[in-house]
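Using the supplied hints, reconstruct the complex from the two chains, each of which is provided in its own coordinate frame.
Chains P and G supply the protein sequences, listed in that same order. Every position in the first sequence, counted from 1, becomes a number in my numbering once 1 is added. Every position in the second sequence, counted from 1, becomes a number in my numbering once 596 is added.
Keep in mind that the hints were calculated from the coordinates and are not lab data. Keep in mind the model is a prediction, meaning the values are calculated, not measured. Among the hints, a few may not be true.
Claimed, not checked - Heads up, incomplete: computed chain G residues facing chain P, CB under 8 Å, no partners named:
{"#": "1", "residue": "I669"}
{"#": "2", "residue": "R671"}
{"#": "3", "residue": "G714"}
{"#": "4", "residue": "E715"}
{"#": "5", "residue": "L721"}
Glycine included, every Cβ here is placed at the ideal spot set by N, Cα and C.
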Amino acid sequence: MVNLFPYLAVRYQAADVPTTVANGRAVVVGSVPEEDYVEAIVRAAG
Amino acid sequence: MSQITEQDRARIQRGLRDLGGPVVLRYYTSDVDSWYSRSERALLEEIAGASPHVALEVHADRWDPGREATVGIRRTPALTVAGARDSRVCYYGVPDGYELEVFLRLLHAVAGGPPSLGEASAARLRALARPVHLEVLASPT
Numbered sequence: 002m003v004n005l006f007p008y009l010a011v012r013y014q015a016a017d018v019p020t021t022v023a024n025g026r027a028v029v030v031g032s033v034p035e036e037d038y039v040e041a042i043v044r045a046a047g
Numbered sequence: 597m598s599q600i601t602e603q604d605r606a607r608i609q610r611g612l613r614d615l616g617g618p619v620v621l622r623y624y625t626s627d628v629d630s631w632y633s634r635s636e637r638a639l640l641e642e643i644a645g646a647s648p649h650v651a652l653e654v655h656a657d658r659w660d661p662g663r664e665a666t667v668g669i670r671r672t673p674a675l676t677v678a679g680a681r682d683s684r685v686c687y688y689g690v691p692d693g694y695e696l697e698v699f700l701r702l703l704h705a706v707a708g709g710p711p712s713l714g715e716a717s718a719a720r721l722r723a724l725a726r727p728v729h730l731e732v733l734a735s736p737t
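The shape of chain G in the complex, shown without the other chains (with noise of 0.2 Å):
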C-alpha cells in the first residue's frame, strides 16, 4: 500500500461530506509494528478526520480467540463497521485503490443512507428463513 495520495485524499473528503450519521470504525491489528499496519492506520486515521461522523477505535493486540469470537471476526486486520446499531460488517484487508470507493459507500450505507437496493430484491432477502453468511473476495488496484 503506497501512502496516501492528494487524490485519495481529495475523495476521502468528498465522499464523507454528506455522511448522514455516526459511524464507529473498530481496527483489529496485530500488535506487531509494521509499515504495513502503520500505513493502514494512516489511512483510516484520514477518514475518520474527514468526518465529524465518523469515530475510529484501535486495538492494536495479541490474537484472542475469546476475543475475536464475540467481536465477530475471524482474521486480522479486520474493520467492523457501526452505525446506530451494529451492521455486522467486517472488512479484511485495506480499503485502497479502487475499494475506497466501495469503502466508503459502505460508510453511507451503514450511517443510514438511502438503500441502494431495489425493494422487490430487499423484500426477497427480508424473508429469508435462514441466516446467510456472505465475504466478498475482492482485490484492490
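Only chain P is shown next, with the shape it has when bound in the complex (with noise of 0.2 Å):
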C-alpha cells in the first residue's frame, strides 16, 4: 500500500511498517501482541 500510495506515509507520518491508523490517527506501529492491538482500537473509539 505504501509503495503505490506514498502520500499515505506522508498524511499518517508512517515511519516504520506496518502501521495502523484508526479514523485517521495512527494507533499503532509495528507488530505487537493482539492484547495491545486491541486496547489501541478501544482508545481510538473513546
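Structure (C-alpha cells):
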C-alpha cells in the first residue's frame, strides 16, 4: 500500500510498516501483541 | 511487481486448498492499460483460478466518485473482499511478496474460517460503541 500510495505515509507520518491508522490517526506502529493492538483500537474509538 | 513465480503459484494453490466458503474479489482499477495493471490482474486471476470458491470481478473503469462512495473505496487500484456477506474489507495495492500470505489468510477469514482473534479480544471489539475505520499501511517486499 505504502509503495503504491506514498502520500499516505506522509499524511499519517508513518515511519515504519506496518502502521495501523484508526479514524485517521496512527495508533500502532510495527507488530505488537494482540492485547496491545486491541487496546489501541478501543482507545481510538474512545 | 514481477511475474508470478512457480513458488507463488504453489503458495496460492496450497493456501486456498481448504477454503471454507465463497469469496468474491471485486477489483477496481483504472481503464488505462499498463504493465502494472496487467501484472496485478494476472495475480488475481491466478488466485481466482486456484479455488472454485473464489470469484473475481474486474471493474476497469474511469474514476467515478459516486460509484466509489457506493462501493466504499477511496482510491484505486482497490480490491474489496466479500464472503457470504460483505466483510467491508478493502485492500489497496497488490498482495505481492510477503503480503500474498497475509492476503490468502484474509480470504480464509472472510470465507468463514476459524477466528484468529482470542475470545477476550473479540468481546472487547464487539463492545465498541462507535465505528472505527481501520487502515493498515504495509509495504510488500
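Here is how each hint holds up against the structure:
1. I669: violated (12 Å)
2. R671: Cβ of R671 (chain G) sits 6 Å from chain P, so the hint holds.
3. G714: holds (6 Å)
4. E715: violated (11 Å)
5. L721: It holds, given that the least Cβ distance between L721 (chain G) and chain P is near 6 Å, below 8 Å.
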